[in-house]
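Q: Now for the letters of each chain:
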Amino acid sequence: MKTRNLSYDDGTHFWGRIWMWGMGVLLLAFPAAICLYYNAWPEAGGFLKGLLAIAPMFWVVGTIEVITYVPMLGAGGSYLGFITGNLTNLKVPCTITALNKVGAKPGTPEGEVVGTIAVAISSIVTTLIIIIGVLLIAPLTPILDSPTLKPAFDQILPALFGGLGVALIGQNLKVAIAPIASMVILFVCVPSLAPSGAIFVPVAAIIAIAVARLMYKKGWLK
Amino acid sequence: MNHEFNVNSPFMFTIVAIIIAMVIAQSFFFLIRAWKQAKKLGIDTAKLKSVVKSSAIFTIVPAISILIGVIALSKKLGLPLPWLRLSVIGALTYETAAAGAAANAVGTSIGDTATLLTASQFTTIAWVMTLGIMAGVIITPIISRKLLGGVDKLEKRDKRWGEILMSALFMGMISAFLGMIFGKVGTGLVGWIPVFVMLASMVIMLVCAVLIKKLKLKWVEDYALPISMIGAMALAIPISNAVNAYIA
Chain X
1 MKTRNLSYDD GTHFWGRIWM WGMGVLLLAF PAAICLYYNA WPEAGGFLKG LLAIAPMFWV
61 VGTIEVITYV PMLGAGGSYL GFITGNLTNL KVPCTITALN KVGAKPGTPE GEVVGTIAVA
121 ISSIVTTLII IIGVLLIAPL TPILDSPTLK PAFDQILPAL FGGLGVALIG QNLKVAIAPI
181 ASMVILFVCV PSLAPSGAIF VPVAAIIAIA VARLMYKKGW LK
Chain A
1001 MNHEFNVNSP FMFTIVAIII AMVIAQSFFF LIRAWKQAKK LGIDTAKLKS VVKSSAIFTI
1061 VPAISILIGV IALSKKLGLP LPWLRLSVIG ALTYETAAAG AAANAVGTSI GDTATLLTAS
1121 QFTTIAWVMT LGIMAGVIIT PIISRKLLGG VDKLEKRDKR WGEILMSALF MGMISAFLGM
1181 IFGKVGTGLV GWIPVFVMLA SMVIMLVCAV LIKKLKLKWV EDYALPISMI GAMALAIPIS
1241 NAVNAYIA
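Chains as they are written, first to last, in this note's numbering: chain X, 1 to 222; chain A, 1001 to 1248.
Everything labelled a hint here was simulated from the structure, so no lab data went into it.
Hints may be right or wrong, so weigh each one.
What the hints assert, rightly or not - Per label pair, the in silico range of CB-to-CB distance:
#1 I1142/A to K218/X: 31 to 39 Å
#2 A44/X to D1152/A: 42 to 50 Å
#3 A44/X to I1018/A: 24 to 32 Å
Said to hold, decoys possible - Think about it this way: if two alpha-carbon atoms lie no more than 30 Å apart in a straight line, the pair counts; the simulated DSS-like pairs of lysine-lysine are:
#4 K1218/A to K1039/A
#5 K1040/A to K1053/A
#6 K217/X to K1156/A
#7 K49/X to K1075/A
#8 K1153/A to K105/X
#9 K150/X to K1053/A
Stated by the list, open to error - Covered by chain X, per the in silico footprint, the following chain A stretches (three or more residues, Cβ under 8 Å):
#10 1045-1052
#11 1104-1117
Given the structure is predicted, the values throughout are model-derived calculations rather than measurements.
The beta-carbon is built from N, C-alpha and C at its ideal position, and this holds for glycine as well.
All chains, full assembly: derive it from the sequences and hints.
A: Here is the structure:
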């Protein structure tokens, strides 16, 4: 086989593209199959209106996610993570934790495999939990839907990012101050921006990188 | 012939099951490749097992929150579509918004569970939700190699700066998400609930860090993030109740 001569990284990109585009086609096959099977076609007006309402924003955020998360997850982690999804609330924190745990840096050969393993395990566990949930939906719905638990699940992101924030900020406090201060000020002063907050990830990253560069040049970051 | 449409039809369950089986296959494909490569790099099996354990443990609670999203959407859309959308690419935050926008566009709403969707409304929603999240699938294969190559080159030129740059990227991400938590503080005390929950999570994480450092409790390392997340979520219940009681 030809691929036998490929290095691990080359192979990851080769197989990653095949899997990713293959899965992309499969995903489009779902709505297509329903249309054919039921001979029911989308309403043109509703389709355009719905797509215009979400696609511009989702595509911008999606592109930002690729640029931000690919260096963190590594090649294998990205080819898998961008298929299995739930990156911000699951795959990315999971990978960061795994890398920290074994002391591997993203971008190194060790970081690459650890990132891939973390994303793969997280994807498998998530998929299985959802399968179990779908099978047991009748007995589970009253528990998961209960008003008592609602405030807990409503606050899952603050609960996740608080702890993760401490873990990340602790590694490099000096670099963290400027972007955090600017983002908190931004969202307190212009709350209407908060729902589309993901768009500000690159803004915060540029602030963080610029300030870090300045401090590095001044010799403040050893 | 025309098949009678039903949002929970066995036909749709079958297709979704096939696609999800493929996703699991892809996960194992990458897992096994990475595992073999890790052995080749001489990484300790114990280290790899600890990655597996901590990743699996961390995943449980966020996965349950995704399941809650599936349940919420299934009341209007049936199970197969939300199941697929949230198991493959989808993220909780996107899919709820996408389904809402698509439902509005065909003249109904996700909350209106009394009226059944027609087949045509359903296919419209399914297409909008699918096309809406395809960005990553198309862009990742095109740019990731170049992107990673660029990062690599930079790290080779100046190793220390490369590390700082990666760290700054992480800080950028976390800052934007921490900042968003403050987005509702202008609306009064209720808007502070997410901030209180975030602070609770931070305090628990700091306590874990102290336990790991001072008491040398190594096992806490595996659980620090899940503990702070679940602890803060549990505290969110009395915090929300207290805030609501104070206002009323």
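Q: It remains to establish, for every hint, whether it holds in the given structure.
A: Hints and how they fare:
In this structure the hint that I1142/A and K218/X lie 31 to 39 Å apart at CB holds, the actual value being about 38 Å. Judged by the Cβ atoms, the range 42 to 50 Å given for A44/X and D1152/A holds: they are separated by roughly 46 Å. A C-beta distance of roughly 29 Å is found between A44/X and I1018/A, which places it inside the suggested range of 24 to 32 Å. A hinted pair counts as satisfied when its Cα atoms are at most 30 Å apart, and K1218/A with K1039/A qualifies at roughly 24 Å.
With a C-alpha separation of about 21 Å, the suggested pairing of K1040/A with K1053/A holds against the 30 Å cut-off. Note on K217/X and K1156/A: the hinted pairing holds, with a Cα-Cα distance of about 18 Å set against a maximum of 30 Å. For the given pair, K49/X sits about 23 Å from K1075/A by alpha-carbon distance, which is consistent with the 30 Å threshold. For the suggested pair K1153/A and K105/X, the alpha carbons sit about 15 Å apart, so the restraint of at most 30 Å is met.
Note on K150/X and K1053/A: the hinted pairing holds, with a Cα-Cα distance of about 28 Å set against a maximum of 30 Å. Check result for the segment 1045-1052 of chain A against chain X: holds, 5 residues qualifying (beta carbon to beta carbon below 8 Å, three or more required). Taking a C-beta to C-beta cut-off of 8 Å, the segment 1104-1117 of chain A contributes 4 residues in contact with chain X, enough for the three needed, and the coverage statement holds.
Hint compliance for this structure: no hint is broken.
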